[in-house]
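Since chain A is already given, all that's left is putting chain B on it; use the hints.
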Amino acid sequence: MSDAADQPLLRVDGLTKHFPIRAGILLRTAGHVHAVDDVSFQLDPGETLGLVGESGCGKSTVGKTLLRLYEPTAGGVFFEGRDVTAMGRAELRALRRDIQIILQDPSESLNARHTVGKIIEEPFVIHRLGTADERRGWVGELLERVGLSPAAASRFPHEFSGGQRQRIGIARAIALRPKLIVCDEAVSALDVSIQSQIINLLLDLQREMNLALIFIAHDLAVVKHVSDRIAVMYLGEVVETATAKDIYATPRHPYTQALISAIPMPDPTADRDRIVLVGDVPSPIDPPSGCRFHTRCRYAREDCGQRKPEVEPVRNGASVACHYWRGL
Amino acid sequence: MSILEIDELSVAFDTEGEIVTVVDRVSFDLEAGETLGVVGESGCGKSVTALSIMGLLPKPSGRIQGGDIRFKGESLPSLAPARMRDIRGNRIAMIFQEPMTALNPVQRIGRQLAETYFLHQPDLDDDLVHRRCLGLLDQVGIPAPEQRLTEYPHQLSGGMRQRVMIAMALAGKPDILIADEPTTALDVTIQAQILELLREAQRETGMAIIFITHDLGVIAELCSRAVVMYAGRMAEQAPIRPLFAGPLHPYTRGLLASIPRLEDEPKTVLTTIPGVVPGIDELPSGCRFANRCPHVKDLCNRQAPELVVGEPGHRVACHRWREIDA
Numbered sequence: 001m002s003d004a005a006d007q008p009l010l011r012v013d014g015l016t017k018h019f020p021i022r023a024g025i026l027l028r029t030a031g032h033v034h035a036v037d038d039v040s041f042q043l044d045p046g047e048t049l050g051l052v053g054e055s056g057c058g059k060s061t062v063g064k065t066l067l068r069l070y071e072p073t074a075g076g077v078f079f080e081g082r083d084v085t086a087m088g089r090a091e092l093r094a095l096r097r098d099i100q101i102i103l104q105d106p107s108e109s110l111n112a113r114h115t116v117g118k119i120i121e122e123p124f125v126i127h128r129l130g131t132a133d134e135r136r137g138w139v140g141e142l143l144e145r146v147g148l149s150p151a152a153a154s155r156f157p158h159e160f161s162g163g164q165r166q167r168i169g170i171a172r173a174i175a176l177r178p179k180l181i182v183c184d185e186a187v188s189a190l191d192v193s194i195q196s197q198i199i200n201l202l203l204d205l206q207r208e209m210n211l212a213l214i215f216i217a218h219d220l221a222v223v224k225h226v227s228d229r230i231a232v233m234y235l236g237e238v239v240e241t242a243t244a245k246d247i248y249a250t251p252r253h254p255y256t257q258a259l260i261s262a263i264p265m266p267d268p269t270a271d272r273d274r275i276v277l278v279g280d281v282p283s284p285i286d287p288p289s290g291c292r293f294h295t296r297c298r299y300a301r302e303d304c305g306q307r308k309p310e311v312e313p314v315r316n317g318a319s320v321a322c323h324y325w326r327g328l
Numbered sequence: 001m002s003i004l005e006i007d008e009l010s011v012a013f014d015t016e017g018e019i020v021t022v023v024d025r026v027s028f029d030l031e032a033g034e035t036l037g038v039v040g041e042s043g044c045g046k047s048v049t050a051l052s053i054m055g056l057l058p059k060p061s062g063r064i065q066g067g068d069i070r071f072k073g074e075s076l077p078s079l080a081p082a083r084m085r086d087i088r089g090n091r092i093a094m095i096f097q098e099p100m101t102a103l104n105p106v107q108r109i110g111r112q113l114a115e116t117y118f119l120h121q122p123d124l125d126d127d128l129v130h131r132r133c134l135g136l137l138d139q140v141g142i143p144a145p146e147q148r149l150t151e152y153p154h155q156l157s158g159g160m161r162q163r164v165m166i167a168m169a170l171a172g173k174p175d176i177l178i179a180d181e182p183t184t185a186l187d188v189t190i191q192a193q194i195l196e197l198l199r200e201a202q203r204e205t206g207m208a209i210i211f212i213t214h215d216l217g218v219i220a221e222l223c224s225r226a227v228v229m230y231a232g233r234m235a236e237q238a239p240i241r242p243l244f245a246g247p248l249h250p251y252t253r254g255l256l257a258s259i260p261r262l263e264d265e266p267k268t269v270l271t272t273i274p275g276v277v278p279g280i281d282e283l284p285s286g287c288r289f290a291n292r293c294p295h296v297k298d299l300c301n302r303q304a305p306e307l308v309v310g311e312p313g314h315r316v317a318c319h320r321w322r323e324i325d326a
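As they're listed, the protein sequences go chains A and B. Mapping of the first sequence onto our numbering: residues 1 to 328, in sequence order. Mapping of the second sequence onto our numbering: residues 1 to 326, in sequence order.
Just to be clear, a hint being listed does not mean it is correct.
Said to hold, decoys possible - Straight-line Cα separation of at most 25 Å, DSS-like style, residue types lysine-lysine; simulated pairs:
1. A:K179 / A:K308
2. A:K179 / A:K118
3. B:K173 / B:K72
4. B:K173 / A:K179
5. A:K245 / B:K267
Think of the hints as simulated: they come from the structure by calculation, not from any bench.
Only chain A is shown next, with the shape it has when bound in the complex (with noise of 0.2 Å):
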């Protein structure tokens, strides 16, 4: 285990992921899904950070890139100083340990055949912890920790509503103490009285267990009140990062401000300036040049389709790409 205490938990650099579109009898490769292309972020012990954008911006690319449940193109994902995209199978498996991930449909995720004791046992037996007498207490205890009953664990998953699935989820997600879990779109399924549910369990065992969490989810609300930081993406790339308070205090790419600009407010007196985007996101097979956004943008300007702008970092860690911020 690396000793450096200022090293950061997680440190992605220079993500990419491309998809290969296979065309034609011979399955030739006819062009690439740029699905993640460059990002960067890092991460620290106990921190959330929120990746928002909409459907196709890569978020989910990106969690799973970073698991290595897809193979990077390029870039580097280092977990305490280890270089994730070089480990072999040994490796992979005892970093799984550390990094879990939640995905947005329980019942995809829970094996259907198995009880639910079964499948929250399954990490404890993977990596060969415990003897059966134990592993049964420590399945008890996490079904209590996550508020369900240890009486669960003999029944099956169909058996309980979507949002006691995800308590279960979570009870296997956390049940090896990782430091790392990956929520991706955890909540988006969920009721509004169970979704709230779920994010107090979430920033308990947060706290409790100094865990830190990517939480992937297109609603900007959500994700705000989980998150310390939020990444925006759009079509792959992250146009702006900062503090969940500046990002919506604050927003400085045109991006992030027409995204958040048109989330309805549950607030009938809101007297809002609403910026409608025109069209829909472009394809990610042949992304706009220069700025990805620039076909969208209200304030694009010529050279914006042709300059690709740089990330540039503003005031307390936060980072905007945008040739024109400044003067929006």
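Relative to chain A, chain B alone:
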């Protein structure tokens, strides 16, 4: 005048021999030209209510058990099927969350749009139908409409498909548009476009909208009044401002308090409603919110509260609303 009256509507489903009432004595009116929100969580009965209005309850399991739905004074459940077909899709149109399930995947957009005209105005000539279809696509903001008419649904993005659905719904110039979670599957920036489109269409045609959603933000933004449903019953009904400023029902209060808000301090504890919505086979006999309500008393477990007028235009179904409001 009310264009639509839902009067003590009860809907039951036959599940393996057992009759389960999923919508229980729901009543509300819709005024011409207004936008009424129906809000609630999964299983609250909001979609079933909408399907009942359209006469589209799944058969043979679902049926209207009691009450009435009146469109311009005419009782819809007792209409002859032919007359109902005349109203459905023409006078009352509906759009759904996932347009892909409502659009025919093997028919070109143009053909599907024209269908409304073929069905309801068979004497229009083809040329005129074609021009009307172009006009509709233009009205819903679809670029290059001539080309889109020849395309299939899968060639369009989710937002564009929803626009096509809205175009189809507008074809008959309906008096009422029922929108069942039409923006739930869309990204926020596309959702903003669709809400704007609905507002515009309403301004132009004067149609009334029933907007069904779980998203209180959308309700606040779009609707003038809203009905809050919980586990098959109405909890509260009020004009938007009083509903958000002074909700009377504990469920509405809990719901409003548990939404993460952009103006909140990050990483604070959210207010929650404890527990889960009761399943349809375990509905409590008294107030259905009783097992999750912080204000529950004996009476709540024994007796279902009636919907009473709290303040002008503001109705609530809670035994204790007056005490907890103080």
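Comparing the hints with the structure gives:
A distance of roughly 35 Å separates the Cα atoms of A:K179 and A:K308; the hinted pair therefore is violated under the 25 Å criterion. At roughly 23 Å between alpha-carbon atoms, A:K179 and A:K118 fall within 25 Å of each other, so this suggested pair holds. A threshold of 25 Å between alpha carbons decides the hint, and for B:K173 with B:K72 the separation of about 16 Å falls inside it, so the pair holds. At most 25 Å may separate the alpha-carbon atoms for a hinted pair to count; B:K173 and A:K179 exceed this at roughly 58 Å.
Straight-line distance between C-alpha atoms of A:K245 and B:K267 comes to about 11 Å, which keeps the hinted pair within the 25 Å bound.
Violated hints, in rising order: 1, 4; the structure is consistent with all others.
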